[in-house]
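So the sequence lines, in the order shown, correspond to chains F and B.
Note that UniProt numbering numbers the first sequence so that position 111 is 111, with each residue one more than the last.
Note that UniProt numbering numbers the second sequence so that position 244 is 244, with each residue one more than the last.
In case anyone wonders, no lab produced these hints; they're calculated from the structure.
Check the hints yourself; a few may be wrong.
[Stated by the list, open to error] Here are some chain B residues pointing at chain F (derived, C-beta under 7 Å):
1. Lys57
2. Gly61
3. Phe68
4. Thr72
5. Lys78
6. Gly105
7. Leu152
8. Leu153
9. Ala184
[As the list claims (entries may be wrong)] Think about it this way: if two alpha-carbon atoms lie no more than 27 Å apart in a straight line, the pair counts; the simulated DSSO-like pairs of lysine-lysine are:
10. F:Lys353 / F:Lys340
11. F:Lys371 / B:Lys97
12. F:Lys370 / B:Lys64
Values in this document were obtained by computation on a predicted structure and should not be read as measured data.
Virtual Cβ for every residue (Gly too), placed ideally from N, Cα, C.
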Amino acid sequence: MKTIGYIIQKEFRQIFRNKGMLPIIFILPILQLVILSNAATYEVKNIKFAYIDNDHSSYSRELIEKFNASTYFSVLTDFSSEAKASSAMLKGEVDVLLVIPPYFERDLQKEKYTDLGVTINAIDGAAAGVENVYVNQIVQSFNKKLKVELLQPEDALITPVNITSIPSFWYNETLNYKTFMVPGILVLLVTMITLFLSGMNIVREKEIGTLEQINVTPIKKSQFIIGKLFPFWVIGMGLLSIGLLIAKLIFDVPMLGSLGLMYLYTSIYILVILGIGLFISNFTDTQQQAMFIAWFFVVIFILMSGLFTPIESMPGWAQIITEFNPIKYFVEVMRMVMLKGSSFQDILPQFLKTLLYALIMNGLAVWSYKKTN
Amino acid sequence: MKKTNVIEVENLTKMFGDFTAVNAITFEVKKGEIFGFLGANGAGKTTAMKMLIGISKPTSGKAKVAGFDVFTHAEDIKKNIGYMSQKFALYDDLTVKENITFFGGIYGLSRPKIKEKTIALLEELGLQEVANQLVGSLPLGWKQKISFSVSLLHEPQIVFLDEPTGGVDPITRRQFWEMIYKSANQGTTIFVTTHYMDEAEYCDRVSIMVEGKIEALDTPKKLKDQFKVDSMNEVFLKLARNIE
């Protein structure tokens with residue numbers, strides 16, 4: 001026990017003496033949390049909208065005015081020909097192109113029917129889908145207004161009854177994406193910092209030759225690993241605290257559940273990440289190798305965590321893989337506890353899986369650290 | 001006066017795949033002896049030493065260090081030996097004092113004992129002024145002396161020194177050997193590898209390793225007589241040349 005104390009003391013001295021690492025550990029994550037949470041948005045805004053008006057009637061102008069009034073579209077200009085418009089789209093200057101056919105107004109009044117051409121740049125399929133919905137909504141509201149205008153007085157009596165659904169959004173009533181993203185990004189930061197620090201730690205001692213010196217001492221493997229883990233565990237918990245504070249103060253993210261529960265879960269979760277880090281450290285010879293492998297796992301973990309894309313829409317085999325992704329559980333628990341106010345009972349499955357993961361990874365870390373080759 | 005053996009090695013072998021790095025070496029070292037372990041680069045000195053200090057598993061043979069078997073009781077050996085590697089192995093980003101505290105601590109010394117040892121060590125080396133300086137900022141010669149003293153902190157029976165004076169100036173080398181003599185006089189056994197043949201002359205007994213085998217083992221004087229030459233340098237060259 002005393003031996004562990006000496007290792008912890010030494011690690012902390014080294015961490016706080018390293019003036020290059022301190023800002024990386026504490027300042028960068030805070031900046032990232034503030035910047036990423038504001039930037040990583042799912043909302044589709046500032047859509048570059050262009051049109052070709054072949055009709056030049058009061059109806060066509062009215063329709064375009066509707067797009068102008070929308071906050072989602074920034075109306076650029078009208079093009080004189082389709083060729084010019086499509087070359088602009090090719091260059092990426094235009095996202096959505098609306099083509100109003102000739103005799104638009106006349107057809108609407110006489111035939112009560114006409115076509116509109118809409119072209120959407122669908123390189124980002126998800127954004128294109130949203131843009132399509134926006135365009136349809138505007139055209140429909142324009143349609144409704146016309147209907148009223150075009151209806152003859154006697155027709156007004158047989159106006160069909162509309163069925164409308166009124167959604168009620170739970171847990172995040174205002175659909176504020178920051179409420180959704182901030183806890184997730186906080187998860188990323190805690191994970192990345194603790195994984196990289198622990199992943200590079202033992203291998204660094206290998207590089208400078210001090211590990212050999214440690215290996216000729218009678219220190220026990222478990223003492224060494226615990227002494228190495230503890231400082232980074234403290235740093236991880238510190239980061240969580242700073243992050244939660246920022247979430248509350250800057251982004252006003254609600255904290256419906258128990259803060260204690262959050263800390264309890266995180267304390268186990270960080271052990272998983274540290275175990276993975278030390279395991280990597282034991283199998284690599286240089287810090288570059290360790291960094292490379294750590295990055296490889298972090299990227300997979302992040303993309304398959306449900307942070308940016310819902311796990312439910314992944315193919316079956318991918319969903320099975322996500323079962324082995326610790327970040328997935330952390331994201332789930334973070335969102336459940338913070339936004340839904342879930343209790344310990346609710347997060348029990350995630351808690352148990354994480355605990356098992358922690359036991360396995362740290363067991364592997366101790367096992368793979370060999371004092372004798 | 002008959003002295004006990006603190007290191008006993010019999011047919012110790014280490015293979016890396018097909019390559020035999022250490023080929024069935026046999027020797028023993030007596031308590032309080034300064035044992036020189038010589039050999040050209042790549043002769044297998046460091047590999048042999050690593051087996052004796054318990055960080056490399058031998059392929060075959062027998063070896064006992066401080067009375068413990070290297071195969072089964074490597075961790076017990078580690079309590080009784082000190083080691084100073086050719087790669088300087090104190091922490092550059094800790095001060096002299098902090099290094100002493102850390103290594104004293106992991107060898108299980110108590111806080112008061114560490115304090116006492118720190119004061120004695122700094123005084124002996126005359127390094128009180130730099131006690132709170134980072135080790136990384138000190139000259140190599142000083143670092144080596146500190147490193148040697150740190151390896152003696154827990155009063156081990158045997159100290160293994162792997163090329164301790166590599167890259168160090170002649171004056172510091174001399175001081176270093178004075179330190180070695182002093183601790184040998186206090187009963188510590190010294191197992192030292194070196195490339196400097198003048199240093200070999202200081203040893204009680206010397207073994208010369210060539211391509212994984214011990215080709216000669218005796219006192220420097222007897223070795224010189226045996227090869228009919230005047231210096232250890234010539235003994236070494238003769239042996240190395242025979243092989244080629």
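Hint-by-hint comparison with the structure:
1. Interface restraint check: B:Lys57 against chain F, minimum CB-CB distance 6 Å, threshold 7 Å, status holds.
2. Interface hint at B:Gly61: violated, since its Cβ lies 16 Å from the closest Cβ of chain F, which is beyond the 7 Å cut-off.
3. With 7 Å as the threshold, the beta carbon of B:Phe68 stays out of range of chain F, its nearest partner Cβ sitting at about 11 Å, so the hint is violated.
4. Because the closest C-beta pair between B:Thr72 and chain F is about 12 Å apart, greater than 7 Å, the hint is violated.
5. At its closest, the beta carbon of B:Lys78 sits 4 Å from a beta carbon of chain F; the interface hint therefore holds under the 7 Å criterion.
6. Residue-level restraint check for B:Gly105 holds (minimum Cβ-Cβ distance to chain F is 3 Å; threshold 7 Å).
7. Proximity of B:Leu152 to chain F is violated relative to the hint, the smallest CB-CB distance being about 13 Å (cut-off 7 Å).
8. Because the closest C-beta pair between B:Leu153 and chain F is about 10 Å apart, greater than 7 Å, the hint is violated.
9. Checking B:Ala184 against chain F by beta carbon gives a least distance of about 20 Å; that is not within 7 Å, so the hint is violated.
10. About 21 Å separates the Cα atoms of F:Lys353 and F:Lys340, which keeps this hinted pair within 27 Å; it holds.
11. For the proposed pair F:Lys371 and B:Lys97, the alpha carbon gap of about 26 Å is at most 27 Å, so the pair holds.
12. Only pairs whose Cα atoms come within 27 Å are accepted, and F:Lys370 paired with B:Lys64 is accepted, the gap being roughly 21 Å.
Violated hints, listed in ascending order, are 2, 3, 4, 7, 8, 9; each of the other numbered hints is respected by the structure.
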